[in-house]
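As a plain string of letters, each chain reads:
Protein chains: 2
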Amino acid sequence: MAFKTDIEIAREAKKKPIQEIGAKLGIPAEHLLPYGHDKAKVSQDFIRSLEGRPDGKLILVTAINPTPAGEGKTTTTVGLGDGLNRIGKKAAICIREASLGPNFGMKGGAAGGGYAQVVPMEDMNLHFTGDFHAITSAHNLLSAMIDNHIYWGNELGIDQRRVSWRRVMDMNDRALRDVVVSLGGVANGFPRQTGFDITVASEVMAILCLARDLEDLQKRLGDIVVAYRRDKSPVYARDLKADGAMTVLLKDAMQPNLVQTLENNPAFVHGGPFANIAHGCNSVIATRTALKLADYVVTEAGFGADLGAEKFFDIKCRKAGLKPAAAVIVATIRALKMNGGVAKADLGAENVEAVQKGCANLGRHIANVKSFGVPVVVAINHFATDTEAEIQAVRDFVATQGTEAILCRHWAEGSKGIVDLAEKVVQLAESGASNFAPLYPDEMPLFKKIETIAKRIYHADEVLADKSIRDQLRAWEAEGYGNLPICMAKTQYSFSTDPNLRGAPTGHSVPVREVRLSAGAGFIVVICGEIMTMPGLPRHPAAEVIRINDQGFVEGLF
Amino acid sequence: MAFKTDIEIAREAKKKPIQEIGAKLGIPAEHLLPYGHDKAKVSQDFIRSLEGRPDGKLILVTAINPTPAGEGKTTTTVGLGDGLNRIGKKAAICIREASLGPNFGMKGGAAGGGYAQVVPMEDMNLHFTGDFHAITSAHNLLSAMIDNHIYWGNELGIDQRRVSWRRVMDMNDRALRDVVVSLGGVANGFPRQTGFDITVASEVMAILCLARDLEDLQKRLGDIVVAYRRDKSPVYARDLKADGAMTVLLKDAMQPNLVQTLENNPAFVHGGPFANIAHGCNSVIATRTALKLADYVVTEAGFGADLGAEKFFDIKCRKAGLKPAAAVIVATIRALKMNGGVAKADLGAENVEAVQKGCANLGRHIANVKSFGVPVVVAINHFATDTEAEIQAVRDFVATQGTEAILCRHWAEGSKGIVDLAEKVVQLAESGASNFAPLYPDEMPLFKKIETIAKRIYHADEVLADKSIRDQLRAWEAEGYGNLPICMAKTQYSFSTDPNLRGAPTGHSVPVREVRLSAGAGFIVVICGEIMTMPGLPRHPAAEVIRINDQGFVEGLF
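Line order of the protein sequences matches chains S and E. Each residue of the first sequence is one higher than the last, beginning at 1211 in the numbering used here. Each residue of the second sequence is one higher than the last, beginning at 1211 in the numbering used here.
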């Protein structure tokens, strides 16, 4: 039997009007702002009216370190949401929006896969409800106001060499990484070197995803440090009076988007901060809204648990006061084999030994997540090539870690294939076993926080940082930023900073190359290794084959 | 009595659900793609289903040369639409969308004014339905693909010094007018000088507004000339295989937006090409759709009739096969006085002589519009300070021009105040007097077309152009572009190229500074004087005071 592709399955979806999906959560039609017939935003007024309601249970879906074999974290998030609904729980999922630009480079990401998908897939991979465009506008308005302020006399005394705020575009465009602006003479301002990042890397994106409401949004936007003076004192977006207009540009984008799974269950898709220089989680406002409306909310965090879960716990949950009830760690036999040293080309053959070896990676993630006080279950996202012996090897290993590995067939079967996991998640959540606490207290010194993450989560021996970096951290502490959490930016492929070091390495060092203050978002970015804030297009970008075909369908995007 | 502001009136509007507005035109709810409860796009499928239906009558609203006193062209367009509905005609209006960027510089434009407005005003001045963002994305995807092509080996042999396709942003940002990109070394490409225009100046905007359907859109996008080789042969967007993906990005934006007037009559608001380097009219697809659905369609064109009406007739109507049934020329007593030499500060005092003198400007516009075979009526957009003697002076003058001037009080009274004009427009349209023909035939040589416009419309003695410009025009003729219409770009404040020459100047010269080919849009831009394709922000941009106030309303935008 030939399998259907994700897009074929998505196109066959029997979508319900979005008002019916909203009704499942008790959202009245007048508080759903429709975008077409299958997407809607939930009104701010309705969200405000939910204050004081009790929260449902929050379930995090995270994963082992990603490999080219794929793990299916979003697929499992979607499947688990459907599975919980199937066993009679009122459940919603919360995931991130896709970035438009990269879809024109490589083939775009579906939201989930197989029979565990969110629709409408095409819209979600194109403009969706315009949130990212609003973020681009708000970001670039601030950029324009900085150069405009300098142009008209520079009353604030901005040091043109120290403008840290760049511009953004939702596009893979390497030519914009490093540019000189304001050429062409007096009328165009003072030439200076700057650049563009992709929109998802904007601090405005991180802010939108961490803000509790419009008021908090505006405060955080005002807190952005855009430049420094010659005396190195910071200039804030507030000093330029940009925060009000930016908030106006973002007021619609702040309203969470509601769509549906293939099984017509509610899915909030909102926000999409980079998982490296930001925290990689969907918006706080969507998660909090979903918790008020559903008994179970399933969400995910970017990359593997070393980065994604740690930042979810230490940044998002800490700052939003969220208390996760349980966590699911997704693994595939294929990815475990790669973590056990098998090359991608050899993944087809049974290799129990490699699976066992790769389980070291899984084991450390289990221990790490447990160390936050959150109970864990492992989901084995089933592939047709998995053998019974390989699956049993994972079951046996996970049992030694004091938890359980459950085989899930949601990709092929939808909610029917993930009932066991759903029941286990309910059992863990209802048990009250969760005793969530972040990894480090707010008041810990910044460098000590970095060391704590490196040693306790990555199992590194040491953190290496130049004096200038330590001095910078101390300077921020003196300025009152010492209580901020850390946002680690390192390779997602390893616990270490070496992408080729799979499994569960120990004894490595974590070299810190750079630290950046995101004062509006409210974290310190610690960069270990190269990070790319503006991707490029490949030799043959997907854009070359993307088109509307004779049937009126979009081709080449997926 | 204190007058209410436009925004106060707009906020008191009793808006009907957009499905009810659509129903007035016979658009079934399933073919309206809602954006919130008060905006919707009309589906492509529905538009296709209208083929073969008879067209309603098309009415153009144009104006005398604009002055700082204001004429109220959009206000009259909206008022006339309401007025036609009031007298029992099934009427719709078609106007342009507002550009987001400039609203953060100067206070933003309402759509109409007083009791002749289109709502929701706030949304229309912010992101609306995202059309302009889609245009920005499509434009910049092409830009990225050009630099990416050069980066990966430049198979097409693009001369990097001759890349004419720039980037765009919907923002007033003078720092981006002239930039160097691809700095920073090998990984970022080959440094070259380029720049950004504001989105409304994008050829993609003009193309969207002139394309008949998605197929035509894709063809035109492919026709864009993006660069030249060293042998000066053109490189097209099609050569980069960018046209399919750009079409996908624009597929939603191609669907016309439906909103409503304060009197709950249908208004199509779609597209917004610059009135200088483009043709300044709303989209062909919106106008054609409206004509299939309404008995009367009232539309407008940018700037005064010398630019707006001429381009509406010679570009939009010619290319889309539209036959306008009548035209309204809007004038105000105040603007006529300014055309008669009165300074803005002195407009409050009665000055019949200045009105009479200013009528020379009006008279020439009447004659010009008539020369296209379209019957004309003059609308005097009433201001409280107008005196009876001044109004009578205009009436008397217009009578000598073989038509009629009608006093309109739609700003203060809504449709009730514009019934006389509506009835006159119906009389002209029903009379069958219109015998529309463009000013010049397709096959006229390009320079001769420029001369024809300059002499017949502007009443200039001559067109001045360097040999290089005449050579360029001849080269385009040789390449097969000789049949394109001309898109004049000159000051809107005068029939001449001198903005201070009000009234009805004669004997002047029209110096052509530059010519540009818009091969996708399908016109030759002829630039006479400075044109600005990327505005800057003023010393104190409106953005500084734009904010959401305590009542949750947007403040400072209007």
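Wrong hints could be hidden among the right ones.
Identical copies go unnamed one by one, so any copy, or any two together, can satisfy a pair.
As the list claims (entries may be wrong) - Quick list of in silico lysine to any residue cross-link-like pairs, SDA-like style, CA-CA up to 20 Å:
#1 K1658 with G1531
#2 K1665 with L1649
#3 K1317 with W1362
#4 K1502 with L1393
#5 K1461 with N1759
#6 K1461 with R1221
#7 K1451 with V1755
#8 K1451 with Y1361
By construction, these hints were calculated from the structure, which means they are not laboratory data.
Hint check results:
For the identical chains of this complex, K1658 and G1531 are neighbours neither inside a copy (23 Å) nor across copies (72 Å), given an alpha-carbon limit of 20 Å. Proximity of K1665 to L1649 under the C-alpha cut-off of 20 Å is restricted to the intra-copy arrangement: shortest distance 11 Å within a copy versus 79 Å between copies. Taking the closest pair of Cα atoms, K1317 and W1362 come within 20 Å of each other only across two copies (19 Å); inside a single copy the shortest separation is 45 Å, beyond that limit. In the homo-oligomer, the alpha carbons of K1502 and L1393 never lie at most 20 Å apart, since the shortest distance is 52 Å inside one protomer and 49 Å across protomers.
For the identical chains of this complex, K1461 and N1759 are inter-copy neighbours only, at 12 Å across copies versus 36 Å inside a copy, given an alpha-carbon limit of 20 Å. Within a single copy, K1461 and R1221 get their C-alpha atoms only as close as 32 Å, which misses the 20 Å cut-off; across copies the closest is 17 Å, which meets it. In this assembly of identical chains, the alpha carbons of K1451 and V1755 lie at most 20 Å apart only when taken from different copies (7 Å versus 44 Å within one copy). Taking CA atoms no more than 20 Å apart as the test, K1451 paired with Y1361 passes inside one copy only; the shortest distance there is 16 Å, against 40 Å between copies.
Going through the hint list in order, the structure does not satisfy hints 1, 4.
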